[in-house]
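Student: Take a look at the letters that make up each chain.
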Amino acid sequence: DQQVKQNSPSLSVQEGRISILNCDYTNSMFDYFLWYKKYPAEGPTFLISISSIKDKNEDGRFTVFLNKSAKHLSLHIVPSQPGDSAVYFCAAKYYNQGGKLIFGQGTELSVKP
Amino acid sequence: DSGVTQTPKHLITATGQRVTLRCSPRSGDLSVYWYQQSLDQGLQFLIQYYNGEERAKGNILERFSAQQFPDLHSELNLSSLELGDSALYFCASSSGHSEAFFGQGTRLTVV
Numbered sequence: 612d613q614q615v616k617q618n619s620p621s622l623s624v625q626e627g628r629i630s631i632l633n634c635d636y637t638n639s640m641f642d643y644f645l646w647y648k649k650y651p652a653e654g655p656t657f658l659i660s661i662s663s664i665k666d667k668n669e670d671g672r673f674t675v676f677l678n679k680s681a682k683h684l685s686l687h688i689v690p691s692q693p694g695d696s697a698v699y700f701c702a703a704k705y706y707n708q709g710g711k712l713i714f715g716q717g718t719e720l721s722v723k724p
Numbered sequence: 002d003s004g005v006t007q008t009p010k011h012l013i014t015a016t017g018q019r020v021t022l023r024c025s026p027r028s029g030d031l032s033v034y035w036y037q038q039s040l041d042q043g044l045q046f047l048i049q050y051y052n053g054e055e056r057a058k059g060n061i062l063e064r065f066s067a068q069q070f071p072d073l074h075s076e077l078n079l080s081s082l083e084l085g086d087s088a089l090y091f092c093a094s095s096s097g098h099s100e101a102f103f104g105q106g107t108r109l110t111v112v
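In order, the protein sequences belong to chains V and B.
With the numbering used here applied, the first sequence closes on residue 724, and no number is skipped along the way.
With the numbering used here applied, the second sequence closes on residue 112, and no number is skipped along the way.
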């Protein structure tokens with residue numbers, strides 16, 4: 612049962628343009644959502660998060676949008692830079708589950724110079 | 002540097018053997034999580050410990066076990082290893098209902 616889904620395995624974007632990574636979830640109990648970035652041979656690095664009581668959170672070039680009715684969240688990166696090339700994982704959790712994160716399959720972002 | 006330390010970084014062992022992976026969480030974090038990432042797969046939650054007690058269990062095989070010690074470091078024990086157990090194993094730690102910080106992982110190769 613894939614509770615968190617990232618349907619695009621890969622995305623290619625030109626440097627300077629916007630990157631939009633999408634994530635869908637099925638469990639309406641989730642109350643906290645996170646995005647992680649992962650380079651090969653490294654552990655995932657926390658990027659940005661959003662609580663279910665919000666619909667938008669911004670941190671510099673990164674913005675996460677949450678649409679609870681559609682059970683959908685997205686990560687916008689503007690402007691995209693070659694150093695953003697990595698695998699991005701969407702994750703979700705809910706308080707009563709002790710904080711464990713349920714991850715999507717990841718989207719590999721490639722930003723071309 | 003996330004502050005989470007995992008050892009060893011790489012491990013090569015034969016089928017049927019047993020290995021122990023070690024994780025030191027960030028200072029002050031009481032929760033430790035173990036995840037497995039197989040080739041081209043997402044991160045699968047295995048197990049969580051909170052202040053020495055098992056808190057949540059995921060898709061962890063019976064051949065696998067974990068524990069968290071009084072100093073909060075954790076060990077993941079994998080026994081009767083099979084070729085399919087080859088994967089990256091990540092440890093993460095967190096405090097409260099916040100983001101988890103991941104270690105660099107242990108790459109296990111079973112030959």
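Hints are computed from structural coordinates only; laboratory data are not their basis.
Owing to the predicted nature of the structure, the values given are computational and were not obtained by experimental measurement.
Each hint should be verified, as a subset may be incorrect.
[Unchecked claim] Subject to a maximum C-alpha distance of 27 angstroms in a straight line, what follows is the list of computed DSSO-like cross-link-like pairs (lysine-lysine):
| hint | chain 1 | residue 1 | chain 2 | residue 2 |
| --- | --- | --- | --- | --- |
| 1 | V | Lys723 | V | Lys665 |
| 2 | V | Lys723 | V | Lys616 |
| 3 | V | Lys723 | V | Lys682 |
| 4 | V | Lys723 | V | Lys679 |
| 5 | B | Lys10 | V | Lys682 |
| 6 | V | Lys665 | B | Lys10 |
| 7 | V | Lys648 | V | Lys665 |
| 8 | V | Lys682 | V | Lys667 |
| 9 | B | Lys58 | V | Lys667 |
| 10 | V | Lys679 | V | Lys665 |
| 11 | B | Lys58 | V | Lys616 |
[Unchecked claim] Some but not every residue of chain V turned toward chain B, in silico, with C-beta under 10 angstroms:
| hint | residue |
| --- | --- |
| 12 | Gln617 |
| 13 | Ile664 |
| 14 | Ala681 |
Glycine residues also receive a C-beta, built at the ideal position from the N, C-alpha and C atoms.
Student: State for each hint whether it applies.
Tutor: Against the structure, the hints come out as follows:
| no. | hint | result |
| --- | --- | --- |
| 1 | V:Lys723 to V:Lys665 | violated, 32 angstroms |
| 2 | V:Lys723 to V:Lys616 | holds, 25 angstroms |
| 3 | V:Lys723 to V:Lys682 | violated, 30 angstroms |
| 4 | V:Lys723 to V:Lys679 | violated, 32 angstroms |
| 5 | B:Lys10 to V:Lys682 | violated, 37 angstroms |
| 6 | V:Lys665 to B:Lys10 | violated, 38 angstroms |
| 7 | V:Lys648 to V:Lys665 | holds, 22 angstroms |
| 8 | V:Lys682 to V:Lys667 | holds, 14 angstroms |
| 9 | B:Lys58 to V:Lys667 | violated, 31 angstroms |
| 10 | V:Lys679 to V:Lys665 | holds, 9 angstroms |
| 11 | B:Lys58 to V:Lys616 | holds, 21 angstroms |
| 12 | Gln617 | holds, 8 angstroms |
| 13 | Ile664 | violated, 13 angstroms |
| 14 | Ala681 | violated, 21 angstroms |
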